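*Asks:* What follows is the residue order along each chain.
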Amino acid sequence: MPAAFQVDNLRCWLGGGEVEALRGVNLAVKAGEVVFVVGQSGSGKSTLVRCLCGLIPRVFPGRISGSITLNGAPLDTLPPCEIPRRVGVVFQDPASQLLGETVEDEAAFGPENLGLPQAEIMDRIDWALDVLGLGGLRHRRDQTLSLGEKQKAALASVLALRPPLLVLDEPVSSLDETSALTLLDHLSLLAREQGTGVVVLEHRTRYAPRHATRLVVLRQGTIAYDGPPDAIHEKRFCASLGLRSPHGPTTKTGVPAQADPLTSKVAVAEDISFAYPGGPAVLSGVNVEILPGKGTIVSGPNGSGKTTLLKILAGLLSQTHGHVWLDGHLRSGRRPGPAGGIAFVGQEPVYTFRQNEVEEEYLSWDSGRANGQPPEDCLLDRLHLGHLRHRHPLSLSEGEKRRLSVAAALAARPRMLVLDEPSVAYDGYHLDQLWRVLDEYMNNGGALLVASNDPDVLGKDWSARLDLAPSRAS
Amino acid sequence: MRLDDRSPQQLGGAARRLDPRTKILILLSFCAATFLAQSWTGLLILLAVALAWAAFASRGIPRRHLRFVLGLAVLGTVVGVALARIWGVPLALFVAPLVRIVILVLAGRAFFLSTPAVQLAWAMQKMHCPRRVVFVAVAARSLFGLVTSEAQLAREGSRIRATGPFQSRGTKARATNLWRAFVAFCARLFLRADQMTAAAEVRGISCPGPRTSIHAGRPRLGDVLAGAACCAVAVLVSLV
Chain A
20 MPAAFQVDNL RCWLGGGEVE ALRGVNLAVK AGEVVFVVGQ SGSGKSTLVR
70 CLCGLIPRVF PGRISGSITL NGAPLDTLPP CEIPRRVGVV FQDPASQLLG
120 ETVEDEAAFG PENLGLPQAE IMDRIDWALD VLGLGGLRHR RDQTLSLGEK
170 QKAALASVLA LRPPLLVLDE PVSSLDETSA LTLLDHLSLL AREQGTGVVV
220 LEHRTRYAPR HATRLVVLRQ GTIAYDGPPD AIHEKRFCAS LGLRSPHGPT
270 TKTGVPAQAD PLTSKVAVAE DISFAYPGGP AVLSGVNVEI LPGKGTIVSG
320 PNGSGKTTLL KILAGLLSQT HGHVWLDGHL RSGRRPGPAG GIAFVGQEPV
370 YTFRQNEVEE EYLSWDSGRA NGQPPEDCLL DRLHLGHLRH RHPLSLSEGE
420 KRRLSVAAAL AARPRMLVLD EPSVAYDGYH LDQLWRVLDE YMNNGGALLV
470 ASNDPDVLGK DWSARLDLAP SRAS
Chain B
7 MRLDDRSPQQ LGGAARRLDP RTKILILLSF CAATFLAQSW TGLLILLAVA
57 LAWAAFASRG IPRRHLRFVL GLAVLGTVVG VALARIWGVP LALFVAPLVR
107 IVILVLAGRA FFLSTPAVQL AWAMQKMHCP RRVVFVAVAA RSLFGLVTSE
157 AQLAREGSRI RATGPFQSRG TKARATNLWR AFVAFCARLF LRADQMTAAA
207 EVRGISCPGP RTSIHAGRPR LGDVLAGAAC CAVAVLVSLV
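Chains as they are written, first to last, in my numbering: chain A, 20 to 493; chain B, 7 to 246.
Here chain A stands alone, though its shape is the one from the complex:
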C-alpha cells in the first residue's frame, strides 16, 4: 500500500522567495498512522500543510522544490479537484473557513461539491456531527458560534469528506479538554479502523503520547526529530526544542501581594447575567471577585460564556442583569464604556494596533511615558520581540501579534489585566516567557483574569478558579 503522503527533500520559499520556510523536509505518513507534528512558532508547520494540499503556489505566493506524493500520485500531476478526495485539511483560523450559513450547511459543503447523493451526504453529516458532539448545534448559524464551536464546525466539514488522509493544523487549540480528547480519540479510531492517515500539527504536546503513533519535531524548516512519541518524556527534550512540556506548566502563578485583598478588590461581579438580544442566556447568576496580586482563571466548555464574562468585566459589554464594581465604584450596567485601569487582550488583537512600528506601538501604551517618566524595562526583549521592533505590527505572525498585545497591555500598567485564551499560538519557549512576565506583574500587585480551555494554562497554580457551566445557548 502506498504511503498516505510522502515528501522528499521539500523546500519552500514564501512570497517572492526571500523567506525559506522549509529546508529539505523528508517525511512519509502511512495509512493508519497518527503523526503529531510539533515545533516552535515559525518552524514551518503551517507551510508544510499548505504545500501538502497544493495551495502553494496555487493560492498562496511561493515556490517549492522536491517532490510530494499523495497516495502514490505526484501532487503536481493531480488536478485541483482530485486533491480534496485524497487529503482533508483544516487550517488554524476556524472563522475564515466557514462558508455556509449553519453548522449543517458547513458539514454538507464538501460532500455537495463532490456531487454525492443527498442520502449519503445526510449520513456523513450525521456521523461527522456526532463525532464532534455538534448534534445539538446542527441548525445554529455560524455567526452565533463561539470560537471553539467554529473550530468543531470546520472539522466537521472536513471529516464529512472522509478522505484517506487528514491534516489538521492546531485542531484543538480552541477546544475544551473533553472535546479535545473526544476528537483525538475519534481520530485514533478512524486511523485504526478505516486506515486513515492523520497528521496533527499542535503546540499541546501532552496529547502526543496517548494519541500519536509517531512524533515529528520541526525546527527552522527541517526535521529535528522523527520517532516514537514517548521521547517527549525525556529530560530536556521539550526544553531543548522549545516545546511545551507534556506534564504541564513548570512555573506557579499567583503570588500573594502585600495589599489586603479584603479591602482592595479590583473588580467584583455580582449575580451577572447576559443574553444577546432575542437569544437565550449566555451567562446566568455569575459571581466573581478579582483581587490584586492574584490570578483568576475562568474555564468552561466551548460556548459557556467565558469571553462574554471577560468583556463585561472589561467594559466592552453590558450585563443584562446584576452589578459590576470596579475599585469599589458601581459601574452602570446600561451602557458599556471604557473601564479605566483595566487592560483587555482579546482573541484578535490586531485592531488595537495603531502605530507603524512594533516599538512605537509598545511605547504608545506606556503609561509611565504618558506621565513623563522614563520608559521602564522594555518587555519587547523579554517577550522575544526585540529583534522585530522596527517591523510593522500587521506584518507579524499570529503568535508575535499576541505577544505584542500583551506587552502593550502591560506597558499601560493596568490594575487588572484580562487575557482571553492567551496560550493560543504559543510554543513552550514563549509560553514560559509569558508566565514569567505575568508572575512579575502579579508580584507587583496586578490582578490577572484569564479565560482559557488550554490544560497547559488550567494546570497552573491559580489563586482562584471559576468554572462556567455550559450555557443554554449551546
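Hints listed in this document are in silico derivations from the structure and should not be mistaken for laboratory results.
These figures come from a predicted structure and were not determined experimentally.
Hints may contain errors.
Among chain A residues calculated to face chain B with C-beta under 8 angstroms, some are [to be verified]:
1) P103
2) A127
3) S176
We treat Cβ as the ideally placed atom computed from N, Cα and C, and that holds for glycine.
Assemble chain B onto chain A, guided by the hints.
*Replies:* Relative to chain A, chain B alone:
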C-alpha cells in the same frame, strides 16, 4: 449579533423558504426594474417592496434598514441642497439615483439574508453557471458576513484602544487613527478572503461535474407564484 437555536427555516420565514432560483429571478428583475423605472411612483413601489423583503428576510422590525434609508436620505439631501445652492444643480437630479442605490442595496441585503451560500451555489449550478462564477458568488456571499464580523472586531479594538494612556487629540491625529484602523481592516479582510479561498479549494469547490445539495428540491406552486408576482410588479413599474 443574535444567538438563536431555532432552525434557519424558522429564522428566515417565508423569504427563506422560497426556492433560491425564484429569489435569483426576483433579484434580477428588481435590478432591471430599478434602472428602467422612470416615474416616482414606480421607484417608491420598488422601495416599499425592497423594504418588505428585507424585513421578511431579517424577521422583525427592520430598524437597520430604516436607519440606512434615513441616513442616505439625510446625506443625499445635504449634498443635493449644497450643490443646488453652489452650482444651481436641480435637487431632483440627485434624489432619483439615491433612491435607486437604496433599492439595490436593500434588495441585495434581503437576498443575502434569505439565501444561504450552499443554496445559492446549488441554484446557480442548476442554472448552468460555470463553477468559477458559482465560487465567486459564494465567496461574495461569505464576504458579506466576513465584513460584518470584522467590523465588529474593529469596533471592539477601537474601544480597547480608547482605554490606553495616549488618546488621539485633534482632527489630524483622529484621522490618522481612523486610517490605520481602516488599513488593519483591509489587511484582515484580504487575509481572511485568502484563507476562505483556500478552505473552499480544499473542500472541492473546483471539482467538475454537477454539484448536489441537501436543500435541493423542485419549485413549488408558491415559488412560481411569488416569482411571477415579483416579475409582474417589476415589469409594470418599468412601464409606468
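*Asks:* Decide, hint by hint, whether the structure agrees.
*Replies:* Results for each hint:
no.	hint	in the structure
1	P103	4 angstroms, holds
2	A127	5 angstroms, holds
3	S176	6 angstroms, holds
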